[in-house]
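Sequences and hints are given; from them, build the entire structure.
Protein chains: 2
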Amino acid sequence: MTEQQAVLDMLEILECGGCVEPAHFFTLMRRTFRIAHLLYLEAEPYADELKVCRLHHTFGAYAAEIYRARGLHRIDPILKLALGGVRPVEWTMARHRFPECEPLFQAAQEIGISTEGVALPLPSPAGRMALLAINVNMSAGEWTTYRRHHLRDFQLAANLFHAAMLEHGAMAGSISTRDMRLTGRETEVLTWAAAGKSYWEIATILGISERTVRFFMTNARRKLNVVSNTQAVAQAVRHALIPSV
Amino acid sequence: MTEQQAVLDMLEILECGGCVEPAHFFTLMRRTFRIAHLLYLEAEPYADELKVCRLHHTFGAYAAEIYRARGLHRIDPILKLALGGVRPVEWTMARHRFPECEPLFQAAQEIGISTEGVALPLPSPAGRMALLAINVNMSAGEWTTYRRHHLRDFQLAANLFHAAMLEHGAMAGSISTRDMRLTGRETEVLTWAAAGKSYWEIATILGISERTVRFFMTNARRKLNVVSNTQAVAQAVRHALIPSV
DNA sequence: ATTTGAACTGTCGCTACTGACAGTTACGCA
DNA sequence: TGCGTAACTGTCAGTAGCGACAGTTCAAAT
Numbered sequence: 001m002t003e004q005q006a007v008l009d010m011l012e013i014l015e016c017g018g019c020v021e022p023a024h025f026f027t028l029m030r031r032t033f034r035i036a037h038l039l040y041l042e043a044e045p046y047a048d049e050l051k052v053c054r055l056h057h058t059f060g061a062y063a064a065e066i067y068r069a070r071g072l073h074r075i076d077p078i079l080k081l082a083l084g085g086v087r088p089v090e091w092t093m094a095r096h097r098f099p100e101c102e103p104l105f106q107a108a109q110e111i112g113i114s115t116e117g118v119a120l121p122l123p124s125p126a127g128r129m130a131l132l133a134i135n136v137n138m139s140a141g142e143w144t145t146y147r148r149h150h151l152r153d154f155q156l157a158a159n160l161f162h163a164a165m166l167e168h169g170a171m172a173g174s175i176s177t178r179d180m181r182l183t184g185r186e187t188e189v190l191t192w193a194a195a196g197k198s199y200w201e202i203a204t205i206l207g208i209s210e211r212t213v214r215f216f217m218t219n220a221r222r223k224l225n226v227v228s229n230t231q232a233v234a235q236a237v238r239h240a241l242i243p244s245v
Numbered sequence: 001m002t003e004q005q006a007v008l009d010m011l012e013i014l015e016c017g018g019c020v021e022p023a024h025f026f027t028l029m030r031r032t033f034r035i036a037h038l039l040y041l042e043a044e045p046y047a048d049e050l051k052v053c054r055l056h057h058t059f060g061a062y063a064a065e066i067y068r069a070r071g072l073h074r075i076d077p078i079l080k081l082a083l084g085g086v087r088p089v090e091w092t093m094a095r096h097r098f099p100e101c102e103p104l105f106q107a108a109q110e111i112g113i114s115t116e117g118v119a120l121p122l123p124s125p126a127g128r129m130a131l132l133a134i135n136v137n138m139s140a141g142e143w144t145t146y147r148r149h150h151l152r153d154f155q156l157a158a159n160l161f162h163a164a165m166l167e168h169g170a171m172a173g174s175i176s177t178r179d180m181r182l183t184g185r186e187t188e189v190l191t192w193a194a195a196g197k198s199y200w201e202i203a204t205i206l207g208i209s210e211r212t213v214r215f216f217m218t219n220a221r222r223k224l225n226v227v228s229n230t231q232a233v234a235q236a237v238r239h240a241l242i243p244s245v
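Protein chains in written order, with my numbering: chain S, 1 to 245; chain U, 1 to 245.
There is no bait here: all hints are sound.
No distinction is drawn between identical chains; accordingly, a pair holds when it is met within one copy or between any pair of copies.
Cut-off 20 Å, straight-line C-alpha distance, at most; resulting in silico cross-link-like pairs (SDA-like, lysine to any residue):
id, residue 1, residue 2
1, K80, E167
2, K80, R54
3, K80, A64
4, K80, H57
5, K51, T183
6, K51, Y67
7, K80, T187
8, K223, R185
9, K80, T191
10, K51, A64
11, K80, A107
12, K80, G184
13, K51, E188
14, K80, E188
15, K51, T191
16, K80, R238
17, K51, T187
18, K51, G196
19, K51, G71
20, K80, P243
21, K80, H239
22, K51, A195
23, K51, R185
24, K51, R238
25, K51, G184
26, K51, H239
27, K80, R181
Hints were generated in silico from the structure; no laboratory data involved.
Shown next, in the form of structure tokens:
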């Protein structure tokens with residue numbers, strides 16, 4: 001029961017919002033569980049490519065260099081599966097389902113990294129995707145049992161850490177959004193513009209004149225430092241200045 | 001330890017992909033945990049409204065009617081918090097932070113529904129959001145302890161059920177994302193429009209005629225089912241169809 | 001009491017966007 | 001060989017967006 005207690009304690013720390021430092025989280029996880037390595041990736045889909053927003057891991061610089069140099073991200077099935085789905089991705093499962101990714105696992109074995117693990121998809125609002133990959137140093141059988149008991153802990157821990165990262169990112173991002181604060185009316189007109197309404201329609205909806213709608217929109221454009229309504233709405237959605245929900 | 005075993009068994013059932021039937025999942029959850037009621041909601045942001053894609057719950061028709069008739073969705077802080085964040089939302093926490101939502105909790109008490117519970121955000125790919133709300137019939141103190149032990153189980157179960165629902169939905173043919181895949185040029189044109197460029201500028205940048213830019217934009221608008229470039233860009237940003245930054 | 005900021009309105013004129021008309025070219029696939 | 005899809009182009013007429021002109025009203029803060 002000591003192990004159970006340690007797990008619950010760790011989850012409580014995470015939920016209370018401590019631990020926005022990836023290194024701290026990784027240490028905590030490795031102290032609490034029998035984990036060899038961890039990787040946290042936040043990315044944004046763009047066409048068929050991925051734009052990496054955040055990347056933290058404990059595999060070390062050498063492993064990262066190998067991964068990059070051999071272009072293993074192109075064949076990594078865990079990336080594809082975890083960033084495209086919602087279900088935990090078992091490493092060996094991915095390995096068997098995608099024979100073309102063998103070089104990835106061979107590279108891991110070369111540099112002494114285990115090929116057992118699981119990747120937890122962490123989808124975020126606004127279409128971004130993230131994953132937490134967990135790598136363990138166990139035999140297949142041992143891992144099956146361990147995973148069965150602790151997948152729920154991994155999932156909750158991953159979710160809470162991911163939440164902390166998102167909130168932290170929002171803080172850091174709010175430096176640039178400080179001068180971008182919009183008034184209530186500006187937000188309203190932008191919201192309706194984002195819904196495809198014309199000035200006349202917005203005026204009717206809000207019960208004000210068309211000119212006034214233009215006035216608010218002009219102010220919003222000036223504050224956001226953009227040149228068109230279209231760009232203003234794009235910025236507003238990106239910075240969550242207008243409700244996405 | 002029998003309870004632990006039952007939980008692990010249930011999670012295994014979920015992970016093996018059984019249980020795409022909400023009623024089945026709810027029964028399983030209520031049999032495994034001390035849960036009074038469950039609610040699963042999948043929604044899509046639209047203007048400042050919510051377009052409900054899926055809704056299943058065990059609160060009964062009467063409660064649903066009350067909720068709808070009194071317009072409680074407009075003040076429900078759990079919807080706002082859970083659909084806009086990634087962190088579990090404690091009901092009583094939401095109640096204290098948003099005094100204006102008191103009618104919601106009073107309505108619950110009126111019809112004999114407990115006000116203790118937690119809502120787990122389940123963000124999905126493509127900008128959609130979902131949540132699983134869990135309602136329990138316990139005292140506050142009892143719930144604190146129970147929650148501490150089982151939040152991880154709830155989170156994993158919720159994620160797995162949500163995954164099953166998404167996969168099932170994808171099978172059935174997702175209406176909203178079916179025709180939303182944009183071609184390379186459509187993406188490029190939208191991206192530049194989101195950057196505030198005019199048709200003439202985009203034409204110059206891409207080395208094509210202004211008419212052709214309009215052609216791609218028109219196709220993009222049609223695919224996204226929107227009426228203006230502004231709305232198209234808003235949708236594209238929300239659904240991560242064009243790169244942010 | 002003055003200032004600051006939000007909310008609000010009117011008109012002119014130019015530019016940008018949008019729909020509807022009617023096409024061509026190139027590529028891959030059945 | 002046809003069929004579908006993506007990329008590409010032209011013109012016309014109407015609507016919408018946008019900048020620059022010049023204001024009023026109200027409430028809160030200094």
